[in-house]
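So the sequence lines, in the order shown, correspond to chains A and B.
Numbered by my numbering, the letters in the first sequence go through residues 282 to 531 in order.
Numbered by my numbering, the letters in the second sequence go through residues 282 to 531 in order.
Hints were generated in silico from the structure; no laboratory data involved.
Any given hint might turn out to be false.
If several chains are the same, the list does not tell them apart, and a pair holds so long as it fits within one copy or across any two.
Stated by the list, open to error - DSS-like cross-link-like pairs, simulated, lysine-lysine; straight-line CA separation at most 25 Å:
#1 K370 to K346
#2 K494 to K391
#3 K524 to K391
#4 K508 to K410
#5 K366 to K506
#6 K391 to K522
#7 K447 to K346
Please read these numbers as outputs of a predicted model, since none were measured by experiment.
There are 2 protein chains.
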Amino acid sequence: MKKKIQVNASIIIIGNEILSGRTQDTNTSSIALWLNSLGIKVEEVRVIPDIEESIVTTINKIRKKYTYVFTTGGIGPTHDDITAKSISKAFGLEYEIHKEAFKILENYYKPGEFNKGRQTMAWMPSNAKLILNPVSGAPGFIVENVFCLPGVPTILKSMLGGLNNKISGGEPIISFTINLSTMESEIAEPLKNVQKNNKEVEIGSYPFFKAGKLGVSIVMRSTDKYKIDDCTSQILDFVNKKKIVVISKN
Amino acid sequence: MKKKIQVNASIIIIGNEILSGRTQDTNTSSIALWLNSLGIKVEEVRVIPDIEESIVTTINKIRKKYTYVFTTGGIGPTHDDITAKSISKAFGLEYEIHKEAFKILENYYKPGEFNKGRQTMAWMPSNAKLILNPVSGAPGFIVENVFCLPGVPTILKSMLGGLNNKISGGEPIISFTINLSTMESEIAEPLKNVQKNNKEVEIGSYPFFKAGKLGVSIVMRSTDKYKIDDCTSQILDFVNKKKIVVISKN
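Excised from the complex, chain A in its bound form:
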């Protein structure tokens, strides 16, 4: 059996509004779930400010470490949107009008409405590939392994599907969760043993308080469904012996 190599990724959230706490980032979760379905594991996320030097330095470190890098934010029309210019600098590329992006934007707006502010959204690193935006016209772009997406969550989500054929994934990562009516300390010892005996499955334990109920979610992640099945039965084995109630499995 030929084994595919594990493909990995990093997400860089560009935005003072996340660092100030004003805005709650939801893009990490959207991108990570989508990448999981393509067999790509997110190994690091960084949130950095709208400062050219931070963007350039971070991009140049991160793009060499991971198969794919996704940035969000900073590609709109205002003065704090400096992602395209910073990415150009990071790669040593010209920052110039992208003809295709210009055409897309020109067609998107009504005649006379494609003003100077909007035209800045056509400025990109030279020879960038476009990421189409089915919601609001302005495209994202790709330079080598760096994919630049907008910060507005609904727009970002609408653009991910169009990238499926631009990315080579690995083996899809399968996840299975067992929700138990117990406390972490009750299961810590036997769960540790299951993890020790099943090193190719990543087992996480997360306490929850939902609708007044206390419980623990055990989450297994692996590219191998059979190994997850093995783990599941080993976990259910000690769960049954301890007479712990299984709330749900999914």
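Model the placement of chain B on the given structure of chain A, informed by the hints.
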């Protein structure tokens, strides 16, 4: 007038569940808003996996770069809770039972319920200072400028207030928002000029879609209230000239 130095911080979110997209991080926002009120600016956030090497390397890079570092996650009783051990390694400290933490936990649980799983929560870097937990007993801890907090958002929030006297803040960061019924491209040009003429105020522009309404939030941040007032009047000046409706200011 004596000017206080700007104090900065970084947040390190430790947790596979955030990287996999399963859980939405909300701790960044809680910590950042609390730090703002103390005059501390969050300049970088990293999300890293539950892997000892990642934690050790990241902590040792980040703690030298920022005044304060806050970690969240990985201080519970299960096998994937490796923050305390990893922090010990990062600082070259013994990983051992913290007597005071042990006592707190022993008192917190009913007699006979302080089992082996729960006892692991008393293991910490040698001589760590405790961060009290008014909700669920298990304390966080401090080593030099690194503050280790739990991952469960409600518990984390309950522990922040107790840290106010353990941190020396800078000048409080004031924020003022003007919500406009317009599009970013309409105001990009004049807003750029306001930013150019007011370099000590950080001005951000964020499109929003709320309750079917399209708009832009202009957010000003500075330690100087008078400079924010200046900016506000310069922004309202062009807003009025362009006959843009102000939805709210706060």
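Status of each hint after checking the structure:
1. In this homomeric assembly, K370 and K346 come within 25 Å of each other (Cα to Cα) both inside a single copy, at 19 Å, and across copies, at 24 Å.
2. Only between protomers do K494 and K391 lie at most 25 Å apart by alpha-carbon distance; the minimum there is 20 Å, versus 53 Å within a single protomer.
3. Proximity of K524 to K391 under the C-alpha cut-off of 25 Å is restricted to the inter-copy arrangement: shortest distance 21 Å between copies versus 66 Å within a copy.
4. For the homomeric pair K508 and K410, neither the shortest alpha-carbon distance inside one copy (39 Å) nor that between copies (41 Å) is at most 25 Å.
5. When the C-alpha separation of K366 and K506 is checked against a cutoff of 25 Å, the pair qualifies neither within a copy, at 44 Å, nor between copies, at 31 Å.
6. Only between protomers do K391 and K522 lie at most 25 Å apart by alpha-carbon distance; the minimum there is 23 Å, versus 68 Å within a single protomer.
7. Taking the shortest alpha-carbon separations for K447 and K346, only the intra-copy value of 19 Å comes in at or below 25 Å, while the best inter-copy value is 37 Å.
Violated hints, in rising order: 4 and 5; the structure is consistent with all others.
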